[in-house]
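Undergrad: Protein chains in written order, with the working numbering: chain P, 1 to 331; chain U, 1 to 629; chain R, 1 to 335; chain A, 1 to 285.
FYI, nobody ran anything at the bench for these hints, they're computed from the structure. Errors might be hidden in some of the hints.
Said to hold, decoys possible - Here are the computed lysine to aspartate or glutamate pairs in the EDC-like style, where the Cα-Cα straight-line distance is at most 16 angstroms:
(1) R/Lys243 - P/Glu91
(2) A/Lys134 - U/Asp569
(3) U/Lys445 - U/Glu428
(4) U/Lys548 - U/Asp569
Predicted model only: the values in this text are computed from it and were never measured.
Given next are the chains, with one letter for each unit.
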Amino acid sequence: MSAPVLEVSGLRAYYRTSAFGTRREVRAVDDVDLRIEAGEIYGLAGESSCGKTTLIKTIANAIQPPLEVLAGSVVFNFRDQRIDMHGASREELRDIRWKRLSYIMQGSMNVLNPVRRVRHAFVDFAFRHIGRSKAEFLDIVRAHLRRLHLEPDVLDAYPHQLSGGMRQRVTIALATVCRPEFIIADEPTTALDVVVQKGVLAMIHSVQREMGSSVIFVTHDMAVHANLTDRLGIMYGGRLVEEGRTADVFRRPRHPYTAHLIASLPRLGDAAPKEGLTGAPPNLADPPPGCRFHPRCPLASDICRREVPPMTERAPGHRAACFHSDQVSPP
Amino acid sequence: MRIWRYIAMFLFVGCLAGEASAQNTISNLPRKETLIVENPEGTIKNAGWFNIWAINAGGQSTGLHQLGMDTFWYIDPQKGVDGVWDNSLAADKPIYNADFTEMTVKLRKGIFWSDGVEFSAADVLYTIQTHMKTNGLRWSAPVQVNVAEVSAPDDSTVVFKLKKPNSRFHALFTVRWNAMWMMPKHVFEKAGDPLKFANDPPVTLGAYTLNSYDPNGKWFIWQKRPDWQRTTVARFGEPGPKYVAYVDPGPPDKRVIAQMNHELDIIHDVSPEGMFTLAKQSKTSHGWFKGFPYAHPDPTLPAVVLNAQNEMFKSRDVRWALALLIDIKAVSMASYRGAATISAIGVPPTGSAPDVYHAPLEAWLKDFEIDTGKRKVKPYDPTIGKQIADSLRPSLGEQIPSSADEIAKSFGRGWWKPNPQAAQELLERAGYSKKGDKWFMPDGKPFSIKLMVEGEGRPVMTRAGSMITQQWRQFGIDASTVVAQGSMVDRRAAGDFEAMITWSVETWGGHPDLSFFLDSWHSQFVAQPGKPQPPRNWQRWTNPELDKIIEQVRQTGFDDPKGLELGRDYVKLVVREMPTIPLMSYNVFTVMDDTYWTGYPNAATAPYTDPVPNWANTKYMMVKLKPKQ
Amino acid sequence: MISGYPLYLLGRLGQFALVVFIGINIAFIVTHATPIDPVEQSIAAATQFGSTSPEAIALMRQSLKELYGLEGGLAEQYASFWRRVAVGDFGPSLSAFPTPVSVLIGRALPWTVSLLVVSTLLTWALGNLLGGLAGYYAKNRTLRLAGLLAMAFHPIPYYIVAFLLLIVFGYLWPVLPISGGYKMNMARDWSWEFIGSLLIHGILPVCSLALVGLGGWFMGMRSLVSNIVTEDYVTYAELGGVKRGRILGSYVMRNALVPQITGLAMSLGAIFNGAIITEQVFGYPGVGTLLVSAVHVGDYSLVLGITTVSIVAVSLAVLLIDLLYPLLDPRVKAR
Amino acid sequence: MGRSFLDLLRLNRQFAAGVVLLSLVTLFALLSFVSPYPPNDSFVVPPDLPPSWTNLMGTTSRGQDLFWLLTFAIRNTLLFGITVAVISRILALVIGLVAGYSGGLVDRALMSINDTFIVIPLFPILVLFYFVMKDHMSWSLLALMMACLGWAYDARLIRSVALSLRTREFTETGIFSGMSMRRILVEEHLPYVLPIVFSTTMNNINWSIGFEVTLSVLGFTDINTPTVGVLIYWANQHTALVAGIWWWIFFPVLLVILTFIGLFLLAVSMNEHIDPRSRLGRSEG
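Put together the whole structure using the sequences plus the hints.
TA: Here it is in structure tokens:
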């Protein structure tokens with residue numbers, strides 16, 4: 001088996017601020033290991049401010065102070081190039097961006113420059129990778145748009161003239177025009193209504209199938225994960241707490257938090273109101289000792305309060321970080 | 001950042017290039033042959049207008065009236081090159097008939113206009129007749145009021161028939177700052193409406209013609225006429241400077257800088273501090289007096305002018321009380337930093353006045369008494385001038401004269417000694433009363449005085465005003481200084497003020513006749529409250545005794561010694577009545593730079609004229625100036 | 001939307017005309033409310049220092065009133081004012097009678113316009129460039145220092161800055177001319193020498209205006225940029241590996257410039273008032289000095305003339321900006 | 001409010017520095033109430049003394065102790081600037097938001113008024129106002145006048161932001177959910193324009209102080225109320241710059257700069273605090 005496209009190991013990224021000598025650390029990503037194989041869609045789930053976005057930023061090396069990477073590495077193994085995202089030079093990074101690694105962002109409403117026509121975005125992002133003359137380049141772009149069932153007219157529109165769903169499709173087209181090997185999709189569907197959402201998801205899916213790219217897909221919406229992703233990672237309090245094939249995770253969650261997430265999905269015929277979690281997500285500036293979930297965990301015991309549960313394999317390809325993994329009840 | 005290096009280099013090279021040219025502000029003229037003079041009119045709005053007979057249409061002291069114009073007579077504010085009185089275009093003094101209804105002028109021969117036409121009685125006739133038939137020229141009104149008929153029996157004689165007796169009619173043609181100038185007939189008769197003719201370039205009678213000027217009115221350059229010998233000043237020699245540039249050098253700080261850079265030979269006026277800075281830092285700069293107080297005392301008498309039509313100042317006791325509350329030493333320090341020439345009486349302490357008025361009246365002043373109702377006080381302190389000199393001597397040393405005569409000349413003689421006790425008694429007699437530490441008027445309202453000053457235009461007087469209100473305030477009068485920036489002229493004319501610092505007394509300077517201002521003090525000219533008052537009786541004060549003096553002056557010849565007696569009567573009357581509180585002469589800090597020129601007038605060795613360069617009399621300065629080598 | 005544009009244009013032009021009309025009317029009322037009487041000013045000017053006979057004053061007053069055409073009532077003056085303005089004539093100046101106001105303005109305006117257009121554009125460009133860089137490269141020390149300097153200079157009263165420059169470059173290190181628009185006695189013949197003189201005389205006035213004006217644009221731009229760099233489209237472009245220069249130019253600055261261009265247009269419109277203090281300190285020719293002196297002597301013809309020119313210019317700038325705004329910011333529909 | 005103020009003070013260095021600077025300036029201005037010399041009296045100390053321990057900022061050529069004189073001047077100038085800023089901000093906010101939000105005829109009408117105020121030249125109007133008011137001209141009247149003339153530009157700025165806010169989704173959401181105009185403006189739009197208000201406040205204060213100085217330099221001033229402008233006016237009349245009395249200019253200017261920097265820091269940090277976006281950016285995990 002070839003090396004995974006993305007290898008994240010021991011990654012630790014904190015927000016560090018200091019005001020008047022008081023240092024403050026927000027441990028947004030703490031000891032995360034993950035691998036993503038070629039051609040798979042990897043889902044990343046968790047409630048807001050669990051560190052998803054920070055993890056993605058760190059993976060894409062889009063970090064700015066006060067965010068700092070303290071330990072660990074992010075390595076991409078592209079077809080003919082291996083690159084350490086935090087060791088590479090600016091130029092090297094610039095070379096792979098969009099050509100090999102592209103990005104579909106949250107809040108698609110505002111990712112396009114509002115004062116310029118859409119065409120310019122394609123030129124700015126992709127022209128240097130595709131080369132050729134401007135006219136040929138635009139032909140390629142138009143062909144790509146058509147393939148994605150978009151009218152080439154959109155190139156001459158300003159972003160505000162497009163609807164939300166349309167803009168998101170354009171963004172996807174933009175992210176895929178160079179046929180990248182890896183796509184990071186950060187909540188691309190969050191702000192869209194259900195019908196549009198469905199169309200966009202289908203589009204991502206088909207593009208990915210066609211080009212064989214790998215995708216890391218972030219959303220807090222478990223239903224989306226269930227429909228789209230091949231494998232799923234669950235984050236809580238800055239750590240990865242469970243990871244496995246999506247079907248496995250849904251069928252048999254190995255972490256109480258995952259179980260809770262799945263349980264909170266609405267199902268046909270459900271009459272009783274969902275039971276919410278008590279308590280608030282952990283304060284990452286001062287996280288609880290031991291397992292970060294323990295204050296809210298129905299299964300918490302003494303050991304959970306003292307020791308950090310290691311990420312161990314509970315079934316083939318299914319890892320979880322919980323001392324009481326066995327007691328997690330399937331939904 | 002390589003770009004910074006380029007910028008620095010660019011600046012450096014630019015500055016080197018600039019250094020060569022910045023030193024020299026005039027192009028194409030030899031600096032050594034050019035005199036650069038400040039024109040206090042500033043920027044001339046309508047620079048291309050040299051028709052001085054049309055009011056306001058252009059500049060006057062741009063060199064135009066100093067170097068280009070001429071008229072019958074000049075009276076010097078100082079001693080004069082050859083006496084105070086100079087017959088310029090006239091060959092002799094004015095000749096009146098017995099009842100002053102006719103004035104004959106004999107004209108000098110051999111005087112030519114700059115275009116080669118000879119000046120003659122026809123020009124005079126044309127000038128007078130044009131003013132008689134045109135309304136709105138600068139001198140139309142006085143000519144129309146006075147002249148019934150003008151004729152020229154021959155080429156060099158002009159006879160004026162007057163509408164009514166006027167013993168001072170010649171004043172219209174006698175330069176004190178300016179006078180009615182003669183028009184070139186041959187130019188104007190071809191020009192159409194004299195009100196709408198720009199007269200550019202002007203054909204001149206003076207020793208200079210226009211060389212070039214800035215259309216934006218910043219500078220005017222005049223050039224010596226090759227035929228300067230055919231002008232009136234030729235009698236005193238050849239004018240020194242080949243070129244004279246009249247410039248607008250900007251605010252006072254800049255004038256100081258310009259002279260320190262030797263790019264401004266004569267500063268018209270500057271703040272006292274600017275004068276001291278120049279005296280300290282520029283070896284070649286000096287004023288009228290060699291040392292302190294430097295400034296030239298103009299024949300102008302700044303005073304606290306009390307609006308006599310205001311109920312508050314109707315009582316002589318109140319006016320006197322206000323005078324006795326002023327500490328003139330502090331006012332002198334605050335306004336001129338001590339460089340003032342004080343005067344207790346209503347005549348400026350300059351020119352011939354100290355000999356004719358100040359010295360002879362000293363004894364009378366010492367004995368003068370005022371009755372406060374409770375007692376009699378002698379308010380005059382003859383030592384105040386000396387006290388000012390003494391207080392300055394520790395810091396200025398040698399510069400301060402020590403002889404009584406010199407002190408009187410530079411700092412003035414005596415003034416009223418501050419006497420709050422007497423002021424209180426006087427105010428109480430006038431029905432004013434003090435409650436707590438505030439004074440109230442007889443009608444029960446607080447005694448409040450707004451003292452109007454001119455602001456930027458006369459900074460020194462603004463300072464004097466704020467010191468005087470401070471002194472009044474300390475006594476319990478609610479006094480404040482208000483600045484009538486810009487609106488002073490209108491408010492002064494309309495009587496829209498309670499008290500103000502300005503002058504209602506201006507004299508010839510060199511000549512002791514007081515009619516120049518005194519005639520306008522007659523009650524016949526006093527306007528109703530709110531109506532505009534003709535110059536100069538801004539205080540709108542009337543007094544039957546004064547009217548009598550004025551009427552007598554009108555019947556006395558200009559040089560009649562009886563006029564001096566009447567003048568002294570006037571002085572005594574205004575001391576008793578105190579309609580205005582005279583402070584000091586208007587000292588002008590005219591600063592002259594010796595770098596390129598010498599021979600400027602000065603108090604000690606060359607008092608031949610007033611150095612203040614906007615006076616038309618400065619034409620005499622040109623013939624005394626010599627290049628420095 | 002396109003079909004609405006002519007309608008919008010028409011409405012906007014109407015608004016322009018209305019604003020100009022109201023503005024000029026206010027100016028008329030205000031200038032005629034001045035207590036300064038041009039006739040009294042002329043009399044004072046004619047009688048100061050020199051010999052005066054009080055009897056003649058009344059006569060002089062009357063004839064000047066006739067001459068200046070001030071005899072009629074306010075209504076009459078108002079009517080004749082509009083009659084003249086309609087044909088672009090402001091009548092004769094009252095303090096430089098009989099020279100037409102338009103001649104006086106025409107003489108001063110080229111100086112004002114060239115000085116202020118140059119300094120405004122320079123200041124704007126430099127301020128925005130530096131401000132944009134400082135906002136984008138927030139950590140750069142040189143730019144931080146530049147920011148600090150711009151900020152420190154900004155609040156210093158202009159008069160002081162101008163005078164300090166004058167003292168430094170006109171006296172302590174006398175390398176630059178401190179007075180006038182060009183050397184005295186130089187022919188205005190557009191020779192190289194004359195042009196050089198013009199340029200070198202313009203350095204200090206332009207620099208003084210720039211020093212004080214820079215801070216405003218700088219700070220405005222920096223804060224705009226520091227807001228824009230957090231916008232998603234900037235982050236996205238960075239993730240997309242778009243060149244930093246391109247991001248700064250087409251993404252950050254391009255968006256930040258929208259409000260700054262409005263500001264520029266208005267400052268350009270306002271230049272017709274002249275730079276009063278600059279002109280005073282550097283003895284530079286221009287409309288400001290003319291305006292101040294006109295106000296001082298109650299020459300309401302001249303004040304009104306300058307004011308009207310300025311009102312029309314500023315209104316035009318505002319109008320142009322409104323019409324061009326949809327081009328600058330496509331999000332704003334013309335409405 | 002109190003908590004967030006303390007938080008800002010503790011966590012935001014810029015805010016703290018701004019508060020410290022402004023407190024110092026305010027404290028300095030408050031010292032005027034204990035000044036040993038009345039502000040308008042001259043020659044109470046020897047003139048032209050350079051700064052020393054007895055006269056911290058030296059003395060003026062008018063024999064005034066600059067330190068104490070400046071306490072009055074800064075007090076009056078600050079009051080002046082703040083008065084102008086507060087009144088004109090309120091006008092600008094109300095008119096800008098309403099015009100931008102309403103659009104159509106209301107916008108057209110308000111902008112006509114607004115543009116009229118933009119186009120009429122300030123200088124002649126203020127000077128003529130000065131002529132008409134004559135001796136009654138005081139700084140408070142001038143402040144009122146300038147406030148009435150100084151809002152239009154910023155109202156236009158606020159309007160343009162309000163215009164673009166109107167096209168954003170949340171406004172439409174607000175309208176559909178039945179919020180009143182007042183509520184939408186206050187709750188939805190105000191937070192977006194507040195940063196503009198803060199930065200324009202600073203500029204407005206700077207503008208009004210600058211204009212006051214300009215008028216003073218030209219002599220159109222009430223010399224009985226010491227302000228920074230009046231101080232410079234007197235310094236000018238005594239040609240202090242060339243006479244070497246540099247402290248007469250230096251200290252007033254220094255205080256103006258400190259005030260301005262204080263305001264600037266405050267405005268910047270308040271913007272960060274208020275701006276919903278940058279606050280999110282800060283706490284996002």
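Undergrad: So, for every hint listed, does it hold in this structure?
TA: Hints versus structure:
The hinted pair formed by R/Lys243 and P/Glu91 meets the criterion: a straight-line CA distance of about 10 angstroms does not exceed 16 angstroms. Distance hint between A/Lys134 and U/Asp569 is unfulfilled; the C-alpha atoms sit about 38 angstroms from each other, more than 16 angstroms. Of the supplied pair hints, the one linking U/Lys445 and U/Glu428 holds, its CA atoms being roughly 15 angstroms apart against a limit of 16 angstroms. Between U/Lys548 and U/Asp569, the direct Cα distance comes to roughly 11 angstroms. Compliance with the 16 angstroms bound is thereby established for this hinted pair.
Hint 2 from the list above is the single one not met by this structure.
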